[in-house]
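Asks: Kindly generate the complete structure, drawing on both the sequences and the hints.
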Amino acid sequence: MRIIKSLIIPLIFFTFWCIGSALGSFNEFLLPSPLKVYAAGLELLQNGVLLPNIYTSLCRVLIGFFITVAFAFPLGILVGLNRRAQELLIAPLDFLRHIPPLALTPLLILWCGIGEASKLSVIILATFFPIFLNTVNGVSHCDSKLIEVGKVMGFSHTAIIGRIILPASMPSIMTGLRLGLGFSWRALIGAELLAAASGLGYMIIDAEQFSRTDIVIVGILSIGILGYAMDLAFLWISKRIMPWQKEFTTNANY
Amino acid sequence: MRIIKSLIIPLIFFTFWCIGSALGSFNEFLLPSPLKVYAAGLELLQNGVLLPNIYTSLCRVLIGFFITVAFAFPLGILVGLNRRAQELLIAPLDFLRHIPPLALTPLLILWCGIGEASKLSVIILATFFPIFLNTVNGVSHCDSKLIEVGKVMGFSHTAIIGRIILPASMPSIMTGLRLGLGFSWRALIGAELLAAASGLGYMIIDAEQFSRTDIVIVGILSIGILGYAMDLAFLWISKRIMPWQKEFTTNANY
Amino acid sequence: ALSEDVKEIGITYVKFPLNVPAIIAYKKNMFENEFKQDGITITHPELTSGPKQTQAMAAGSVQFASVLGASSAIIAKSNGVDLKIIAVFARAPKAFNIMALDKSINSVKDLKNKIVAGPKGTVLHQMLYAALLKEGLTPSDIKFVNMSIPQARAALMSGNVSAALVAGPSVPVMETGGCHVIANGEGLIQGLIVVAVDNNFLKEHPDLVKRYLDVNEKSAKFMKDNPEETFEIVAKETNLTIENVKKMFPWYDYSSAITGKDIKDLEVTQEFLLDNGMMKNKINIKDIISNINQ
Amino acid sequence: MPIIKIDNLCKSYRLNGGYFHALQGISARIEHGSFVTIVGKSGCGKTTLLKILCGLKTPSEGSFSFLKEDGSPSAAKIGVVFQEARLMPWMTVEKNMAFGMDKKLSKDEAHETLESSLQMLNLQKFRKAYPSQISGGMAQRVALGRTLCANPDVILMDEPFGALDAFTRRNLQKELTEIFLDQAKTIIFVTHDVDEATYLGQRVLVMEEGTITADLPVDLPYPRATLSETFFRIREEILSAILLDDEFKK
Amino acid sequence: MPIIKIDNLCKSYRLNGGYFHALQGISARIEHGSFVTIVGKSGCGKTTLLKILCGLKTPSEGSFSFLKEDGSPSAAKIGVVFQEARLMPWMTVEKNMAFGMDKKLSKDEAHETLESSLQMLNLQKFRKAYPSQISGGMAQRVALGRTLCANPDVILMDEPFGALDAFTRRNLQKELTEIFLDQAKTIIFVTHDVDEATYLGQRVLVMEEGTITADLPVDLPYPRATLSETFFRIREEILSAILLDDEFKK
Ligand SMILES: Nc1ncnc2c1ncn2[C@@H]1O[C@H](COP(=O)(O)OP(=O)(O)OP(=O)(O)O)[C@@H](O)[C@H]1O
Ligand SMILES: Nc1ncnc2c1ncn2[C@@H]1O[C@H](COP(=O)(O)OP(=O)(O)OP(=O)(O)O)[C@@H](O)[C@H]1O
Ligand SMILES: [Mg+2]
Ligand SMILES: [Mg+2]
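As given, the protein sequences belong to chains Z, Y, P, D and R, one line each in that order. Under this note's numbering, think of the first position of the first sequence as 3, with each following residue one higher. Under this note's numbering, think of the first position of the second sequence as 3, with each following residue one higher. Under this note's numbering, think of the first position of the third sequence as 34, with each following residue one higher. Under this note's numbering, think of the first position of the fourth sequence as 97, with each following residue one higher. Under this note's numbering, think of the first position of the fifth sequence as 97, with each following residue one higher.
Just so you know, these hints were derived from the structure itself, not from any lab. A hint or two may mislead.
[What the hints assert, rightly or not] DSBU-like, lysine-lysine: derived pairs with alpha carbons at most 35 Å apart: (1) 153(Z) <-> 173(R); (2) 241(Z) <-> 191(R); (3) 221(R) <-> 241(Z); (4) 221(R) <-> 147(Y); (5) 221(R) <-> 153(Y).
Replies: What follows is the structure, given as structure tokens:
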């Protein structure tokens, strides 16, 4: 039932696309018909191009995402809880946060080369801040009354963080992780502009270069569907981790 | 005092850059010396190129940001509080959230042309989701005990939202707005790849093509500093709006 | 249709690599002056890449792609964009270079088993293939990585690749930075850059298209008559030094007539694209040439 | 005519896969302008009953209605004092107190209502303080003041004096009876304190495990003397209704 | 030798640009293994004093120290029952109760401690419930259980029975005195209820506006009979120490 409801809007768009294409209201070159896209998708599947590209990008996204989590998450906790870290780090991180990664490509090539490292760093740059800032927000607004409970029990810092602050700030952290994962996918094109030879981003760039908008759209759809699937998995996991939160939103139809 | 502390890390980097350049450890063409960048900056200021570019980009970022806020914020409230809206919108928005905007250029050109609209839409696409998801998170995890207070007082829906839910979810919303503003800046290059004739992003792209890395770096520094300054303004405003939150982080050095 | 119907003409403006006549026409408002009398406003969107220019043309946002790589024109046509080449913008085989940093790499032969970076599917890519073939190598003898010119430049100068494909202003800058040219397009390719127009526009307003070409002639004439002023304008617009502008200027042949040699080159380009799987549907080259100017 | 008619209210909660029956058939009639106190052990369903009456929970079974004096359904304005203070952390004490105040009140009236409440609750000095800056008992008083300022017709109170010392509590009990007498409100007052229930209520309902086990009238005039014989007798009656545990009465 | 030595503790809070002096020179000696109750009006500084003793607030002036029996500084394990329940919303009742339990306990010991606490607090049925699923009084009992399970040497309790009905409260008071007698704990127990203070404390400290105004010994053996004459006399003594307000004693 939920699945059907969630398909309503996509189906409206799809119908619109079909009808528009049939009536020729869209420029075929910029928005090919669903049939043409379907044919392109099928061809890419059959000649074994699509799946390896998906695999490459999936790996990149996941590796980039997990590396980012490994940095952004502890740093977020540190900055959220420690005034000194805050004073030291907020300014440089804020500076970096506003820089378009595309402007940094020459420097990234200089420092990271043209291998996997520079592609990952584009992904990391895009993923870092949503995770970082949401972690900071979560831990810094965690109910201090609960923290006090741990303090009077003589808990160590790590115990207070692990047993009180993190569970209490889970909703914010989860939002950060979901946003971050989304931005990992979004960074694919930028990342795979850097000397990639495969991947969905590469496939899209290549297709755009050669004006194959049908392939571009196959790529877009692949990324969107994969991203959505991963987000669903994410929500499923977070429900398991946080059984006390019955639903994705607790105030739904409050 | 705080300002001095926040400058420590930037100064370390700067010193590193100066020394490295003096010793010739960096490739002058990929990372010009501070002096050269300074000269380029001065020249761009004097020949009246930098400030108009800053102005154009600032306008783009702010307009894009405010348009996004006007959509993402109410939509976030709706989705955060209404199960039906959630079921309808989560899937298509989640799909869209993962799409690299750079992949959408053919479609953006088709629908928005190559004028200001398509540039703004790149910015909007980048800004939307941090604001949206953080608003959803904020309002959906707002303490339901406080909402009940409004309900038993017979408040209207709008009053409950305006007088209870929004103030209670301010920290999350502010995080979303700050992230969103950051992503507005980051989207500049992508946006100004689309037929721009001015702007910091344009300046960077143009300089890159003509191998003027010094100008590229002037552009990067301008964006970073402007972004940081706007973030400071943001924090200042949010302290005024939320006087009950003494500091940026409440658990600092808990 | 009458030209009175036309309110606005979009002409893409591309400075890179060194499009002197386009820069002159733009800076001197030549198009505006020409079409002012008809009440037509001119827009100059800066769409630097070929695909974006053809996309904008397909969307009706521009009528003229004033500086379009030959391969972009062919690919667009092959994928269904109805455009016509109305003139040559420039031929510049010398502007397209293969450069290396490592002193031991002095010829294309030395590239065997090396990494070469550059923009895939462009004139530069085509030249690399031609150069390899000429030296008795095949494309599989090297490792090609796809990158934009600025990225390829960075990759070469940071030692991540052995050679980079670069065009225009990057060349003198990189030479100052210690790189050297190991081959250019001379004798390999024409380096053909064309002017293309939306075919519908051409059919409906041949007069306006003709006048567009007249303006191009005018800017070419200005360029010949006032070389010093020209260099100054170009240097200012591109942030290049006057010396570098002067150095590169002779690489370009800006005469606009479409010659048989040019058509031959278009054919060769199409073969290159087809052979390397960058294009599916072969087109008839004659179909994209309009000889309105002949 | 009763103002509140409660018929066979039941409430079951999902709990660990099964159901927990918090209310198991509550029926009662609350008269217009009466002061009813409810006593009962922790977990017997007092809060659940109040939450159903104010519309925050829906009963699993049974029904209730608010009626006008002529028996037609009424839209009486209900005010609730929750068991926890539930103050808005972003508002000062005085803003919190004025939170539910009728917007149609003139500025002067609003000001006066607020001032008199602040004074009654002895919070003048802390009017500009935030909830994080006041003590537990103060927070409870602010919550009380918020409900009184909203000037409801029916007040549901869930242990409103639980965090208050005997002195403050006695003062507020007196104030509350005065408000009750002056303004003809209907009050349902949940407490775990039998003394308090006896002191305040015209009627004491005793709850146990989701049912009403006794309904005792207290026929004493206000203000009541807590050391009077009658008071003591009624108190004993209530206690014995709650339980027959001998030990307790020692 | 006292276990806690408190010397001239003062605490001022910033409030609306000025200062509010919550504690104005508190001095006291708390003996090893004694049961001290603190009574005082709402806002008199009881919670502030406890928070300073457990290290959550720093005094503005004065000092305090925990000592061993030989007078050297001790690292006594302190347990606190806060005025609010402060349960972790993501944990079930039993997880919450076990939250501060010594990790070094064997599984069996831990299990037994938990079980006996659950039983004492009458929470067995709700062991798997989340805090949002239990009543106010239950939450307070869980908080109490959490502190007892942690088995501290010194227990600071801030109105731990405030939300409990007389019956449950009396039961827990008895349990608490038993724990006190059995396990030789030192207990500081804040309450606003004079009866409770008299029933529990070996010594009652009366606080008013940030100072200790009386320090009364209660020389009665446990368990105490609340209706005995001596009890009544001491209770009256405390009441008159708190205030000389005639009305109140009516
Ligand atoms: N953070 C704070 N900032 C300003 N004033 C405070 C703060 N915390 C407490 N106070 C003030 O200090 C005084 C004592 O507070 P405390 O919480 O110790 O009272 P209490 O004796 O525990 O009262 P109650 O019985 O109501 O809980 C109160 O007047 C309170 O308003
Ligand atoms: N959301 C819920 N889910 C499951 N059980 C609940 C829920 N809310 C309340 N209960 C149970 O219902 C019973 C009655 O709860 P209620 O809050 O009405 O008690 P109460 O009489 O107000 O007690 P107290 O004096 O302790 O506040 C309790 O056993 C409680 O555990
Ligand atoms: Mg209750
Ligand atoms: Mg207190």
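Asks: Run every hint past the structure and note whether it holds.
Replies: Status of the hints after comparison with the structure:
1. 153(Z) <-> 173(R): Status holds; Cα separation ~12 Å.
2. 241(Z) <-> 191(R): holds, 19 Å
3. 221(R) <-> 241(Z): holds, 25 Å
4. 221(R) <-> 147(Y): holds, 25 Å
5. 221(R) <-> 153(Y): Cα-Cα ~31 Å, so holds.
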